[in-house]
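K.L.:
Chains as they are written, first to last, in the numbering used here: chain A, 1 to 181; chain B, 1 to 147.
Worth double-checking, as some hints may not be accurate.
Think about it this way: if two alpha-carbon atoms lie no more than 30 Å apart in a straight line, the pair counts; the simulated BS3-like pairs of lysine-lysine are [what the hints assert, rightly or not]:
#1 B:K105 with B:K69
#2 B:K105 with A:K71
#3 A:K71 with B:K78
#4 A:K80 with A:K67
#5 B:K124 with B:K28
#6 B:K128 with B:K69
#7 B:K69 with A:K67
#8 B:K78 with A:K80
#9 B:K78 with A:K79
#10 A:K67 with B:K105
#11 B:K105 with A:K80
#12 B:K105 with A:K79
Read the hints as simulated data drawn from the structure, not as lab findings.
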Amino acid sequence: MVREVSESCVESLLSEIVLSYCSGFYANKPELAARRIEAIGFQVGHQLSERYTMDRPRFTDNLEAIKFICKDFWSELFKKQIDNLKTNHRGTFVLQDNRFRWLAHMSIDPLVQASGNIQDPSAMAENKSAQATGMHLYFPCGIIRGTLSNLGIECAVSADISNLPACELITLITYNSFSYI
Amino acid sequence: MIVCLAVVGHENNPLYIQSFTESDDALKLHHIVHCSLDVIDERVNNPKKSSPTINEAFLGLLYPTENYKVYGYLTNTKVKFILVTTDLDIRDADVRNVSLLFFRKFHAAYVDAVSNPFHIPGKKITSKTFRERVSSIVKSFGLSSAS
Numbered sequence: 001m002v003r004e005v006s007e008s009c010v011e012s013l014l015s016e017i018v019l020s021y022c023s024g025f026y027a028n029k030p031e032l033a034a035r036r037i038e039a040i041g042f043q044v045g046h047q048l049s050e051r052y053t054m055d056r057p058r059f060t061d062n063l064e065a066i067k068f069i070c071k072d073f074w075s076e077l078f079k080k081q082i083d084n085l086k087t088n089h090r091g092t093f094v095l096q097d098n099r100f101r102w103l104a105h106m107s108i109d110p111l112v113q114a115s116g117n118i119q120d121p122s123a124m125a126e127n128k129s130a131q132a133t134g135m136h137l138y139f140p141c142g143i144i145r146g147t148l149s150n151l152g153i154e155c156a157v158s159a160d161i162s163n164l165p166a167c168e169l170i171t172l173i174t175y176n177s178f179s180y181i
Numbered sequence: 001m002i003v004c005l006a007v008v009g010h011e012n013n014p015l016y017i018q019s020f021t022e023s024d025d026a027l028k029l030h031h032i033v034h035c036s037l038d039v040i041d042e043r044v045n046n047p048k049k050s051s052p053t054i055n056e057a058f059l060g061l062l063y064p065t066e067n068y069k070v071y072g073y074l075t076n077t078k079v080k081f082i083l084v085t086t087d088l089d090i091r092d093a094d095v096r097n098v099s100l101l102f103f104r105k106f107h108a109a110y111v112d113a114v115s116n117p118f119h120i121p122g123k124k125i126t127s128k129t130f131r132e133r134v135s136s137i138v139k140s141f142g143l144s145s146a147s
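Chain A on its own, in the form it takes in the complex (with noise of 0.2 Å):
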């Protein structure tokens, strides 16, 4: 039996979170409102990691568990796997993926492109819009934030969207749990 999801649904789903939190339950506090929509993704990552980690062999090490994330688990999500991984060899993970699909329906500020001297009121402008837009990052950062958490790997995870719409998704390992099991 195959269920399906209305992507229309889910995509104002989480818009309807962003608005609800920013301006309706944390008005005015931008900080408390990332972090319970970071916790209700982290809720989500832990769920879905339980069902897409069904079927496969257990992982070896974090680069596995990683791998599984950009190719399978970004699959199931989005229809797609990640564009591109770049890693430090030290913890340091970087996914990018070129059109990511919850954002693809977000309008550019032209002033965003614009380079140079732009005056005060327009950057406050680019500046509030990139913060908008950032507001719904949160939610896939804590999904992937959950899923490593269950698969036994503490790690934080942040958003970096300075070319729309792709976007990249930094995740710092901090503890991991393959060095004893």
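Start from chain A and add chain B according to the hints.
P.N.:
Showing chain B alone in chain A's frame:
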């Protein structure tokens, strides 16, 4: 005959324990499950070179006591499933396939129970649906292995 089923979390905290016989002492079965956790840790930390793959989920027969056989299964998320049976007269090859199939179905039921948004990870599974599903899986395996 399946006597007891247990799900143990990655901190060795019990998430679900159910016995299927009224006669046997539940405490004794819990004790057997507890001892088998040590065997699982040993198996996982010191993989024998002769075992087919060290990363398979199904751990096979953990240890036989005088009345019971105990089978283990370790998921990717370090959750352990433990199955205690009294099937002493079935050949090893058959039993392996049968218990592997059983664990697959049990894993599917566990994943569905954990995906419940009202389930708190780390706490016991209290879903009635899970209990009923597990009972029906056990019944279907009880019937097939009795043949």
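K.L.:
Compare the structure with each hint and give your call.
P.N.:
Hint check:
Under the criterion of a C-alpha separation no larger than 30 Å, the hint pairing K105 (chain B) with K69 (chain B) is consistent with the structure, at around 20 Å. As the CA atoms of K105 (chain B) and K71 (chain A) are separated by approximately 25 Å, the hinted pair is consistent with the 30 Å bound. As the CA atoms of K71 (chain A) and K78 (chain B) are separated by approximately 21 Å, the hinted pair is consistent with the 30 Å bound. A distance of roughly 13 Å separates the Cα atoms of K80 (chain A) and K67 (chain A); the hinted pair therefore holds under the 30 Å criterion.
Of the supplied pair hints, the one linking K124 (chain B) and K28 (chain B) holds, its CA atoms being roughly 20 Å apart against a limit of 30 Å. This hinted pair checks out: K128 (chain B) and K69 (chain B) have alpha carbons roughly 27 Å apart, not beyond 30 Å. Note on K69 (chain B) and K67 (chain A): the hinted pairing is violated, with a Cα-Cα distance of about 37 Å set against a maximum of 30 Å. Taking the CA atoms of K78 (chain B) and K80 (chain A), the gap is about 27 Å. The hint holds against a cut of 30 Å.
Between the alpha carbons of K78 (chain B) and K79 (chain A) the distance comes to roughly 27 Å, so the proposed pair stays at or under 30 Å and holds. Using a Cα cut-off of 30 Å, the hinted pair K67 (chain A) and K105 (chain B) holds, with the two alpha carbons roughly 27 Å apart. About 28 Å separates the Cα atoms of K105 (chain B) and K80 (chain A), which keeps this hinted pair within 30 Å; it holds. Proposed proximity of K105 (chain B) and K79 (chain A) is supported: the alpha carbons are some 26 Å apart, at most 30 Å.
Hint 7 alone, counting from the list given before, is not met by this structure.
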